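First to last, the protein sequences are chains A and B. Sequential numbering of the first sequence, starting at 84, is according to this note's numbering. Sequential numbering of the second sequence, starting at 3, is according to this note's numbering.
Calculated from the structure, these hints are not laboratory results. Quantities reported herein were computed from a predicted structural model and do not represent experimental measurements. The C-beta atom is built at its ideal place from N, Cα and C for all residues, glycine as well. There could be a bad hint or two in this list.
[Stated by the list, open to error] Derived Cβ-Cβ restraints for the label pairs, each shown as a range:
| id | chain 1 | residue 1 | chain 2 | residue 2 | range |
| --- | --- | --- | --- | --- | --- |
| 1 | B | A157 | A | M798 | 45 to 53 Å |
| 2 | A | M771 | B | A245 | 39 to 47 Å |
| 3 | A | A546 | B | N178 | 39 to 47 Å |
| 4 | B | G70 | A | A546 | 45 to 53 Å |
| 5 | B | P143 | A | V236 | 42 to 50 Å |
| 6 | B | V108 | A | G536 | 35 to 43 Å |
[Claimed, not checked] Subject to a maximum C-alpha distance of 35 Å in a straight line, what follows is the list of computed DSBU-like cross-link-like pairs (lysine-lysine):
| id | chain 1 | residue 1 | chain 2 | residue 2 |
| --- | --- | --- | --- | --- |
| 7 | B | K189 | A | K530 |
| 8 | B | K44 | A | K802 |
| 9 | A | K802 | B | K189 |
| 10 | B | K189 | A | K395 |
| 11 | A | K254 | A | K181 |
| 12 | B | K44 | A | K527 |
| 13 | B | K44 | A | K144 |
| 14 | A | K105 | B | K44 |
| 15 | A | K203 | A | K310 |
Chain residues, written in single-letter form:
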Amino acid sequence: MKDEVTREERVTNLKGLGSSRKRVEDARFTQGKGHYVDDINLPGMLTGDFVRSPYAHARVKSINIDAAMALDGVVAVLTAKDLEPLSLHWMPTLAGDKQMVLADGKVLFQGQEVAFVVAKDRYIAADAVELVEVEYEELPVIVDPFKSLQSDVVLREDLDPNAPGAHGPRKHHNHIFTWEVGDEDGTNAVIDDADVVATEEMYYHRTHPCPLEPCGSVASMDKVNGKLTLYGTFQAPHVVRTVASLLSGIEEHNIRVVSPDIGGGFGNKVGVYPGYVCSIVASIVTGVPVKWVEDRMENLMSTAFARDYWMKGKISATKEGKITGLHCHVTADHGAFDACADPTKFPAGFMSICTGSYDIPIAYLGVDGVYTNKAPGGVSYRCSFRVTEAVYFIERMIEVLAIELNMDAAELRRINFIKKEQFPYDSELGWEYDSGDYHTAWEKALKAVDYEGLRKEQAERVAAFKRGETRTIMGIGLSFFTEIVGAGPVKNCDILGMGMFDSCEIRIHPTGSAIARLGTISQGQGHATTFAQILASEIGIPADSITIEEGDTDTAPYGLGTYGSRSTPVAGAATAMAGRKIRAKAQMIAAYLLEVHDDDVEFDVDRFVIKGAPERFKTMGEIAYAAYNQAIPGLEPGLEAVSYYDPPNMTYPFGAYVCVMDIDVDTGVPKINRFYALDDCGTRINPMVIEGQIHGGLTEALAVALGQEIAYDEMGNCKTATLMDFFLPTAWEVPNFETDFTVTPSPHHPIGAKGVGESPHVGGVPCFSNAVQDAFRPFGNRHTNMPHDHWRIWKTANDLGLHD
Amino acid sequence: MITAAFEYHRPSDLAGALSVLEEHGDDARVIAGGHSLIPMMKLRMAEVPHLIDLQDIAGLKGITIEGGMVTIGAMTTQHELINNEALLSATPIIHEAALQIADPQVRYMGTIGGNVANGDPANDMPGLMQCLNANFTLEGPDGTRSVKAREFYEAAYMTELEDGEILTQITFSAVNAGYAYEKQKRKIGDYATAACGVLITKDGDKVATASIAMTNLSDVPVLSEAAGAALVGTSCDAAAIKAAVAAALEDIDPTEDNRGPVEFKMHVAGIIISRAIARAWSRA
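Could you build the full structure based on these sequences and the hints that come with them?
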């Protein structure tokens, strides 16, 4: 057979690794043809809606449902009393705590679920919610975690104050856990003896992932067949199936969980919410499907928040700037229930990555979790578990230390980076960094922005400001981050006991196309695009001929889902490994067809060729056909493979970011003039998808750094429950982003990829914040807390006397 | 976030709208673009058993400019204001201000009549109408009357508009003056942290007249006559602007909200006012 196509063209046609293939999902999304939970309408379906608490802390004296039940079209009103016989009035959280599904005697945060109204349509349900009469007796409200630890007020009356919690002893009735890593005495000794010590306290404010699509579910209990189908906004559908089975007692094979299109997750859709449970119970009770979809205010007020870490740091160094020790203590406000989404053994996630990108010889981290009258959660908003907090902490400590040393912060980083030859690097707090080349990335970034020139320009601006010639100052924000993603080795990481592996199952069709199913679920990441590219390179079938399916537990292999940038490191690895199984069998088929020994053929792009005689080959299409139409001695028919991948280690993407910002000191308005982002995520699967991920992550980083927060007043009223006050940036607020990269493959990942979706958020937040703080550094600023909205920036200027 | 049930009325003429209003009294409200009323209904903070949609009443739309007088129908959208070239040359401050209202999607629906009639101190048009010394035409069961924008606002959401009346049009003299509408907001779509409209006419190199009005800095829009007076007769130098700002700040009473505390708002208001004056003067 004559081959008209060059090898290079064959590579291009595959659209495999490295191809900026257009996202296959976008055809439907850009035409409004996505299919989300709220698009699911089943025959006879009812709608549920919540009665929610207006109070942050109150005893529920009585609930009268008579008026609501009397409304035409209302089918049921569920309260905790109705769920109690099923033991579903409380549910376990991912953090080893439990959470009320419906208010059981008291409410602990504003917006808490009190009763669940089920009606013929959402309009009737909303009317009926107004008719449920709840009598409350207000209780003292605690919104400050430090006051909580001093208060006589017992928030969680359901817990024995003397019994240990899920993570060991509790110090106080409002205390949840103490988690410690590292050598505290040794660290303190080093810091006490150091040449230079910088201390700082910083608050990483509470915010919220705020996906465009809020949370929802549709439960359908088929009483004839005993099967429960549950559609929902789930970042981990398989885990939801297991949890649903454990909670309901329905055998797991009788439960089918489906995540349809999901309009963004960012961590918000990892956990289990009362709405899911209530829709299931309501469907079991009524025998018809029940839908629950929350609105924006409900999403912001009651579903999982992110951050809310009060961090206290001490960092020591020699006079020359070599860091000698790091001490970090966190008071973590978890709200009313500990519903953090972290691997079981990590109550503060991977906060212990807080030594950052630096070679720090001794360190200590202590975290105390505390209950308050705020919404539960503590999810990782576009980051691996608590990594944004860790990176913000160390990147601020570096800046503060630079001030203490009177040293340039870029130089201080350079002095302390882990060196290329130190990888794999064992950090003092217990992580094995797989690969990195920080100095190369840093120098490339500084050169790209002309760092020296920027510092000169800044100095000139400061002089002009002091001469009264301008009211605008200039900040240069630096950040260098190391992410820890791809949870994780099963021996360390589990969710509710499920090891954090992931999976891929591939079927090659006779005509040479394929379907692959994974245990993950895209919420906008573009898995259908990029996983097909991994396979294309592994098995030589064009990405365009490979369908990727996720999210249906009846068809997809079990996996732990998509969050913490784990899809590429874990499911992507499973995909490559399953592809290699396909390729191994294909090699045997090819050898049979070519009538040579297995070892005499080798893989070449989209075919197997005879070694030394590449003109003799069988394409993957020919091999696939043969797998189904020929009886090959010693081989089963068909061409399928499954891989369950337990990663040997996490992956450690890193990056170097620079933000150049002007600040109007009179109004507090910042203007971002430049943002440069260099990311190293190892092997790059699809540069265009990576760039999109980076733009999205940086946009959310800008949001968090410059204004996005969940704020409460003293009464525990949520002050930011609408998009008027909760800052969601638009194209207008977002600057142009310049992206760049280096490539340092992961040594343990089958294709060397590390994951990238969350890196820009992790690195972006400190970069934007550092830009604001750097602008004020020449005027005496050390640290001010985020979010840097107009008035807080103005206040910094005012506190520094710049309005005098 | 779902409204309670309501009757929807869509009259084709003003008489029809007025008669529904009369029939249902407090139970009825007119709706223009709906960007204030519908969220209030969805939050169930406004209960409106009878909603009267004015969009089919042709007479309430459009912009006419005759003999130096500008007349704008209440149902004219912000988008239409922005894209009307005759209005741009007759009174360009409207264009500059309307472009700073919300976002394009809101401006396709939001109307000038709804913006001024609702009495929301955060809306931009009430202050601007005071700056322009506009008149509002109110039609009711007892006929038509005219109320000055400067006398229309009593308190937040409280106006001169009587039950049973509909604000039908806005009139003002075309202004050939230096102008500026300056607004600080947290993001696109937000209300003002502080906003200020300024019109200045020149006599030689001195200020002949000055009109200064502010948005979202009190429970009503604020026209500061003292601030205007501080500029008249001056060459609008730094000292004059400082005096005008000081006078304007005397007339406002901002409250703390998520945008910031009073101290911050007062400071920013001063900056915004001084920038608006400077820009208006540069165009005078």
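Okay, the hints, checked on the actual structure:
{"no.": "1", "hint": "B:A157 to A:M798: 45 to 53 Å", "verdict": "25 Å, violated"}
{"no.": "2", "hint": "A:M771 to B:A245: 39 to 47 Å", "verdict": "57 Å, violated"}
{"no.": "3", "hint": "A:A546 to B:N178: 39 to 47 Å", "verdict": "43 Å, holds"}
{"no.": "4", "hint": "B:G70 to A:A546: 45 to 53 Å", "verdict": "51 Å, holds"}
{"no.": "5", "hint": "B:P143 to A:V236: 42 to 50 Å", "verdict": "58 Å, violated"}
{"no.": "6", "hint": "B:V108 to A:G536: 35 to 43 Å", "verdict": "42 Å, holds"}
{"no.": "7", "hint": "B:K189 to A:K530", "verdict": "33 Å, holds"}
{"no.": "8", "hint": "B:K44 to A:K802", "verdict": "18 Å, holds"}
{"no.": "9", "hint": "A:K802 to B:K189", "verdict": "17 Å, holds"}
{"no.": "10", "hint": "B:K189 to A:K395", "verdict": "32 Å, holds"}
{"no.": "11", "hint": "A:K254 to A:K181", "verdict": "19 Å, holds"}
{"no.": "12", "hint": "B:K44 to A:K527", "verdict": "53 Å, violated"}
{"no.": "13", "hint": "B:K44 to A:K144", "verdict": "28 Å, holds"}
{"no.": "14", "hint": "A:K105 to B:K44", "verdict": "40 Å, violated"}
{"no.": "15", "hint": "A:K203 to A:K310", "verdict": "23 Å, holds"}
Checked against the numbered hints listed earlier, the structure breaks hints 1, 2, 5, 12, 14; every other hint is satisfied.
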